[in-house]
Amino acid sequence: MTISDATRNTLRSEVNAWIEDFLRQKLPAVLRKNNANRGRMPFHEALLPNAVMSGFKTERSFSTSLGKLFERCSVIIARECFSHVQNQHVVHGMIPGNTKNAMDTLIDRLDQSQGYANYQTVVNETIERMQRDNSAGSPVTVTSDLYLQNNDRDIYFELKSPKPNKGQCHTMLRNSLYIHAMTRRLWPRTRTMIGMAYNPFGDGAEYNHSFVTGIFDMKRQVRIGREYWDLLGGDDTYRQLLDIFADVGDESRAMIRDMLD
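Under the numbering used here, the first residue of the sequence shown is numbered 1, with each subsequent residue one higher.
These are calculated hints, taken from the structure and not from any lab test.
Careful, some of the hints might be misleading.
Stated by the list, open to error - Below, a list of computed lysine-lysine pairs in the BS3-like style, where the Cα atoms sit at most 27 Å apart:
1) 166 <-> 68
2) 160 <-> 26
3) 219 <-> 166
4) 219 <-> 163
5) 68 <-> 26
6) 219 <-> 68
7) 68 <-> 160
8) 219 <-> 160
Whole structure, please, built from the sequences with the hints as guidance.
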């Protein structure tokens, strides 16, 4: 699918405004930092020359701010393919105590195991257990980074950096199960998924971050890089978005030269 001209222009304006603002605020300090081996960062590399990337790879605020840009780009792209799109979508509900405890036990067990083979089974068994659970409930609130809906099917995405730590992985799984419990919707009519904007091991390479691969059902739950962006906007969306970043990167390089003169 080809990104429409209107969406392309919106994305370009969003990325351009972001990089201009960030460079003016951070470039002087970043240029004093040393390189760190963080793996491949295709969107970073598209925007910045190698000499500047060596500093930005160690600049935590760069990746944090870029993550927010990815979220905005996700919303812009998904609006072409989904009838309802919302970021920071809040889900409220009640979860019976015994069901909530069972979820926490499952997550605690992941430290001693290799995860689970089928997330769909875990979700549907959780809802079936909840329907038989008469224990007192407690209120729960979960904020989904990106919510997508078409007809009666929906997707809740948790968006994370490509190498989350173990605690973040546990929180993502817990929130995903909470959403199914609160909405009482089975997989695959409702899908709770983890999205990552790029694969730090390289496009097409095997993703091998142990905290993620050891906890999540990679086939059903996780979409990384090309798979993530193409799910939002259709085939070839990832490449087209990288092209937009590269176009803006050409302009940002000129801006950097001007700032250094």
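Hints versus structure:
1. 166 <-> 68: Measuring from Cα to Cα gives roughly 21 Å; hence the hint holds.
2. 160 <-> 26: Status holds; Cα separation ~23 Å.
3. 219 <-> 166: Holds, at roughly 19 Å.
4. 219 <-> 163: Within the cut-off at roughly 17 Å; holds.
5. 68 <-> 26: holds (16 Å)
6. 219 <-> 68: With a Cα-Cα distance of about 25 Å, the restraint between residue 219 and residue 68 holds, given a limit of 27 Å.
7. 68 <-> 160: holds (10 Å)
8. 219 <-> 160: With Cα atoms ~17 Å apart, residue 219 and residue 160 stay inside 27 Å; holds.
Violated hints are absent here; each numbered hint is respected by the structure.
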